[in-house]
Amino acid sequence: MNINATLIGQSVAFFIFVLFCMKFVWPPVIAALQERQKKIAAGLDAANRAARDLELAQDKAGQQLREAKAQAAEIIEQAKKRGTQIVDEAREQARVEADRVKAQAQAEIEQEINSVKDALRTQLGSLAVEGAEKILGATIDQNAHAELVNKLAAEI
Amino acid sequence: MAETTASGYIQHHLQNLTFGQLPDGGWGFAHTVAEAKSMGFWAFHVDTLGWSLFVGLIFILVFRMAAKKATSGQPGALQNFVEVLIEFVDGSVKDSFHGRSAVIAPLALTIFVWVFLMNAIDLVPVDWIPQLAMLITGDPHIPFRAVPTTDPNATMGMALSVFALIIFYSIKVKGIGGFIGELTLHPFGSKNIFIQALLIPVNFLLEFVTLIAKPISLALRLFGNMYAGELVFILIAVMFGSGLLWLSGLGVVLQWAWAVFHILIITLQAFIFMMLTIVYLSMAHEDNH
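The listed protein sequences correspond, in order, to chains R and P. When we follow the working numbering, the leftmost residue of the first sequence carries the number 1, and every step to the right adds one. When we follow the working numbering, the leftmost residue of the second sequence carries the number 1001, and every step to the right adds one.
No lab work stands behind these hints: they were computed from the structure. Hints may be right or wrong, so weigh each one.
Using 30 Å as the maximum straight-line C-alpha spacing, the simulated DSSO-like pairs for lysine-lysine come out as follows [stated by the list, open to error]:
no.	chain 1	residue 1	chain 2	residue 2
1	R	Lys-117	R	Lys-151
2	R	Lys-23	P	Lys-1037
3	R	Lys-23	R	Lys-38
4	R	Lys-38	P	Lys-1068
5	R	Lys-39	P	Lys-1191
6	P	Lys-1068	R	Lys-39
Some residues of chain P that are not near chain R, with every Cβ distance over 12 Å (derived) [as the list claims (entries may be wrong)]:
no.	residue
7	Ala-1006
8	Ser-1007
9	Arg-1064
10	Lys-1069
11	Pro-1140
12	Asp-1151
13	Phe-1188
14	Gly-1189
15	Gly-1251
16	Ala-1259
17	Ile-1272
18	Val-1279
Here are some, though not all, of the chain P residues that point toward chain R, as calculated from beta-carbon distances under 7 Å [stated by the list, open to error]:
no.	residue
19	Ser-1038
20	His-1045
21	Gly-1050
22	Phe-1054
23	Gly-1056
24	Ile-1060
25	Phe-1063
26	Gln-1074
27	Thr-1110
28	Lys-1214
29	Ser-1217
The structure presented is a predicted model; accordingly, all values stated were derived computationally and were not measured. Note that CB positions come from ideal geometry on N, CA and C, so glycine has one too.
In isolation and in its complexed conformation, chain R is listed as follows (with noise of 0.2 Å):
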């Protein structure tokens, strides 16, 4: 156990050792090392991130659903008071319609019945005239009665 110069060949390996070391082996570890953690910190943060990304496109949807479904009520609305509508028009219409078809047939019904009363009160005269012909049996001059027939077919 003699203290010699051992001793120095000691401290020169421990300095290289260290040297070596520091150069080597300690940065490439440490930066590994460090840019893991770096790694999984983004990592975790994207998870985060994509959490609450999640939690509004969620509402997001939500409220989609909800603004189409009243859209589409609204829709539906409209459509039945539109049918309501389309079915009032239309009955009226068909009134009016049904009124004019109803006017003009009573006109017709009206020329046709004074022109058959025209027909009837010209026939009439000179059937009367026939009759009076017949029973007073002698031919009344037309012409004298004329006048006379016309009245009384105008009373008719």
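Starting from the known structure of chain R, fit chain P onto it as the hints suggest.
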């Protein structure tokens, strides 16, 4: 076994393979304790240097291999192991050292792993490596000690390196004036300049002892623990040589028990050496006087 007596066996186990200048003037290996002593300072313990360099290179190469392939993605088994150690050391450094330094953490890692590996050779049965040395060299009397940390030269060499770093950083951070001031104006100070001048030698004595105690305690703590541990292993091994069956049986149990306990000691000593280095360097960086 080369020595027949127990004391001879123990002595042989505590003798380093020393390379230096022999009494006849030539350079060579010492064969006796006296010869090794006569070589003086300029001699080398070849076994200590060889084994410490060997395990040091294992550390460097394995860690370099992991560092080269280090990826921030999924780490392999080796990288995982290295990362665990590095994070452990990094955590210890961050807990005790509040400055910023690119040196201190790799330094602590080197100390921890290297000292641990050197200590771990102690778990190899005490006769295996010396016997191997005898077989290789063919010399049945060749002294050989496998555990570098049981050689005070090794622990002192590291402690003095740390001491040099303490001095270097003290001067770098505080300046030469600050460093001298730290040594002389503390712990006793006075506003009166004459009393202060009188107090300087007292302060210097106290602070200087404190300073010198750092590397000595660092070196001797590791050396003492490992030396004692090795000695216990040797004493247990002596039981095997006794020739008594019950004593040898007891030896087996003791060897196993001591080895298990020693696993704790070698790790703890490596950790303490590292922690004290961090703390001493942290103190060197702090400018609170």
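**OP:** With a cut-off of 7 Å on the beta carbons, see whether Ser-1217/P makes it to chain R.
**Re:** Where the cut-off is 7 Å and the nearest Cβ of chain R is about 17 Å from Ser-1217/P, the hint is violated.
**OP:** Double-check Thr-1110/P for me: the hint is only fine if its C-beta lies closer than 7 Å to a C-beta in chain R.
**Re:** The hint holds - Thr-1110/P has a Cβ within 7 Å of chain R, the shortest such distance being about 5 Å.
Original post:
Can we trust that Ala-1259/P is non-interface, i.e. its beta-carbon lies farther than 12 Å from all of chain R?
Top reply: holds (24 Å)
Subject >> Evaluation of the interface hint that places Gly-1050/P against chain R, nearest CB under 7 Å >> reply: violated (10 Å)
Original post:
With a cut-off of 7 Å, does the beta carbon of Gly-1056/P approach a beta carbon of chain R closely enough for the hint to hold?
Top reply: holds (5 Å)
**OP:** Measure nothing beyond the straight line between the CA atoms of Lys-23/R and Lys-1037/P; if it is 30 Å or shorter, mark the hint as holding.
**Re:** violated (39 Å)
Original post:
Taken at face value, is the distance from the CA of Lys-38/R to the CA of Lys-23/R at most 30 Å?
Top reply: holds (23 Å)
Original post:
Is the Cβ of Ile-1272/P farther than 12 Å from every Cβ of chain R?
Top reply: About 17 Å separates Ile-1272/P from the closest Cβ of chain R, which puts it past 12 Å; holds.
Subject >> Given hint Gln-1074/P near chain R, where the shortest CB pair must fall under 7 Å >> reply: Cβ of Gln-1074/P sits 9 Å from chain R, so the hint is violated.
Original post:
Holds or violated: are the alpha carbons of Lys-1068/P and Lys-39/R at most 30 Å from each other?
Top reply: holds (20 Å)
**OP:** Run the C-beta distances from Ser-1007/P to all of chain R and say if the shortest one exceeds 12 Å.
**Re:** Correct as stated: the minimum Cβ-Cβ distance to chain R is 16 Å, above 12 Å.
Subject >> Hinted contact His-1045/P with chain R - closest CB pair below 7 Å >> reply: Check passed: Cβ of His-1045/P comes within 4 Å of chain R, closer than 7 Å.
Checked against the numbered hints given earlier, this structure breaks hints 2, 5, 9, 10, 12, 19, 21, 22, 26, 28, 29; the rest are met.
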